[in-house]
Amino acid sequence: MNQENYRTQRALVTGITGQDGSYLAELLLSKGYEVHGIIRRSSSFNTGRIDHIYQDSHQADCRLFLHYGDLSDGTVMRRILEKVQPGEVYNLGAQSHVRVSFDEPEYTVDVAALGTLRLLEAVRDVRDRTGRQVKFYQAGSSEMYGKVQEIPQKETTPFYPRSPYAAAKVYAYWQTVNYREAYGLFACNGILFNHESPRRGETFVTRKITRAATRIKLGLQEKLYLGNLEAKRDWGYAGDYVEAMWLILQQEEPDDYVIATGKNYSVKEFLQKVFSKLDLEWEKYVETDPRYVRPTEVDILLGDPTKAMQKLGWKPKVSLDELVDMMIEHDLELAKQEKTLRNAGHIIQNRRNHE
4 MNQENYRTQR ALVTGITGQD GSYLAELLLS KGYEVHGIIR RSSSFNTGRI DHIYQDSHQA
64 DCRLFLHYGD LSDGTVMRRI LEKVQPGEVY NLGAQSHVRV SFDEPEYTVD VAALGTLRLL
124 EAVRDVRDRT GRQVKFYQAG SSEMYGKVQE IPQKETTPFY PRSPYAAAKV YAYWQTVNYR
184 EAYGLFACNG ILFNHESPRR GETFVTRKIT RAATRIKLGL QEKLYLGNLE AKRDWGYAGD
244 YVEAMWLILQ QEEPDDYVIA TGKNYSVKEF LQKVFSKLDL EWEKYVETDP RYVRPTEVDI
304 LLGDPTKAMQ KLGWKPKVSL DELVDMMIEH DLELAKQEKT LRNAGHIIQN RRNHE
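In this text, residue positions in the sequence shown follow the working numbering: the first is 4, and each later residue adds one.
Rather than coming from a laboratory, the hints here were simulated on the basis of the structure. Only a predicted model underlies this, so the values are computations on that prediction, with no experimental measurement involved. Just so you know, not all the hints are guaranteed correct.
What the hints assert, rightly or not - Straight-line distance between alpha carbons at most 25 Å, and here's what the computed BS3-like set of lysine-lysine pairs gives:
1) Lys157 / Lys318
2) Lys271 / Lys287
3) Lys339 / Lys220
4) Lys34 / Lys318
5) Lys211 / Lys280
6) Lys226 / Lys318
7) Lys226 / Lys276
8) Lys320 / Lys276
9) Lys276 / Lys266
10) Lys339 / Lys276
11) Lys34 / Lys314
12) Lys211 / Lys339
13) Lys287 / Lys150
14) Lys280 / Lys226
15) Lys220 / Lys342
16) Lys320 / Lys157
17) Lys211 / Lys320
18) Lys235 / Lys339
19) Lys287 / Lys220
20) Lys339 / Lys287
21) Lys314 / Lys157
22) Lys266 / Lys211
23) Lys320 / Lys280
24) Lys235 / Lys310
25) Lys318 / Lys339
26) Lys287 / Lys211
27) Lys226 / Lys287
28) Lys235 / Lys276
29) Lys266 / Lys157
When you get a sec, could you build the whole thing from the sequences and use the hints?
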């Protein structure tokens with residue numbers, strides 16, 4: 004493992020405005036990297052998760068740069084790679100909501116599957132024309148295991164995807180392996196099990212629960228509607244998991260790794276933890292809604308991180324209880340701010356009180 008040169012490294016991150024991208028950008032900046040992120044053009048700003056680390060590019064010491072682009076456009080990916088000349092590429096960009104992928108399958112596949120192929124081709128093209136080796140990290144997902152073939156799931160467990168999102172991720176996984184074996188790219192997959200944080204999107208179940216529970220506690224919301232409460236997931240902290248991404252690209256040889264805690268809990272157990280910490284009885288407030296049940300459910304995911312622990316020296320630092328406390332603290336503060344504004348007569352828009 005060669006960690007001597009990372010201080011002068013330059014990294015390109017797709018999905019930098021997402022949960023993982025923001026934590027990864029923080030980590031890389033703390034290690035002395037120059038970080039370049041790809042963001043999509045939007046009619047409104049969507050950089051909230053990285054505003055605290057954003058720097059004016061005119062500053063002499065600026066080390067965070069943003070570029071407009073989209074994984075659906077291979078030409079732009081090549082152009083950005085040519086301009087940035089990164090030593091490492093972290094492909095975290097995707098339409099990552101599993102339930103939404105059933106409603107938008109074509110878009111999901113275009114970005115998560117073909118977008119990965121476009122980026123791999125761009126990396127290969129730059130390598131072949133310039134001779135520069137570019138290390139590539141692909142964000143895989145435990146959803147690829149779907150209808151699990153064994154418990155726990157490890158790197159050799161067969162995939163059985165049960166959603167358009169998962170199928171797209173399987174395609175991206177095998178293309179990454181193929182480009183490594185066929186073209187000699189330093190291309191790696193991280194098969195990350197569920198990882199959460201206060202920066203998790205509000206429509207994902209863990210954040211949906213902590214946000215709703217804190218709003219219920221303050222009288223801002225009456226009900227929380229969810230899908231399958233019996234589904235079990237291996238939940239970790241996103242800040243821990245991005246460290247594993249970085250470690251994967253610091254190895255001498257490219258390889259694929261499961262990143263997980265090795266423990267799992269049901270959605271109902273997560274509910275109980277959150278509501279009990281707020282002295283609430285979840286049964287009084289939670290109802291199931293068929294709209295949130297997937298057409299093909301993934302009942303249990305439990306990862307075996309042995310390989311990552313042994314080869315990368317990685318292990319999760321934040322426990323589920325600590326993660327829950329972290330998320331509750333964050334969402335309780337947001338709920339207090341909302342209540343203050345409401346009490347002052349302000350109208351709060353875009354609040355999905357009953358989702």
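Hint check results:
1. Lys157 / Lys318: holds (15 Å)
2. Lys271 / Lys287: Given pair lysine 271, lysine 287 holds - Cα atoms ~13 Å apart, limit 25 Å.
3. Lys339 / Lys220: Holds - the C-alpha atoms of lysine 220 and lysine 339 are around 10 Å apart, at most 25 Å.
4. Lys34 / Lys318: holds (19 Å)
5. Lys211 / Lys280: holds (16 Å)
6. Lys226 / Lys318: Violated. Lysine 226 to lysine 318 sits at ~37 Å, over the 25 Å cutoff.
7. Lys226 / Lys276: holds (17 Å)
8. Lys320 / Lys276: holds (19 Å)
9. Lys276 / Lys266: holds (15 Å)
10. Lys339 / Lys276: holds (21 Å)
11. Lys34 / Lys314: holds (21 Å)
12. Lys211 / Lys339: Cα-Cα ~17 Å, so holds.
13. Lys287 / Lys150: Not OK: lysine 287 and lysine 150 at ~32 Å, beyond 25 Å, violated.
14. Lys280 / Lys226: At roughly 18 Å apart (the allowed maximum being 25 Å), lysine 226 and lysine 280 satisfy the hint.
15. Lys220 / Lys342: Holds, at roughly 11 Å.
16. Lys320 / Lys157: Within the cut-off at roughly 20 Å; holds.
17. Lys211 / Lys320: holds (23 Å)
18. Lys235 / Lys339: violated (31 Å)
19. Lys287 / Lys220: holds (12 Å)
20. Lys339 / Lys287: holds (22 Å)
21. Lys314 / Lys157: At roughly 14 Å apart (the allowed maximum being 25 Å), lysine 157 and lysine 314 satisfy the hint.
22. Lys266 / Lys211: Holds, at about 21 Å.
23. Lys320 / Lys280: Within the cut-off at roughly 21 Å; holds.
24. Lys235 / Lys310: Holds: lysine 235 and lysine 310 sit about 22 Å apart, inside 25 Å.
25. Lys318 / Lys339: violated (35 Å)
26. Lys287 / Lys211: holds (17 Å)
27. Lys226 / Lys287: holds (8 Å)
28. Lys235 / Lys276: holds (14 Å)
29. Lys266 / Lys157: The hint holds at about 13 Å.
Of the numbered hints listed earlier, those contradicted by the structure are 6, 13, 18, 25.
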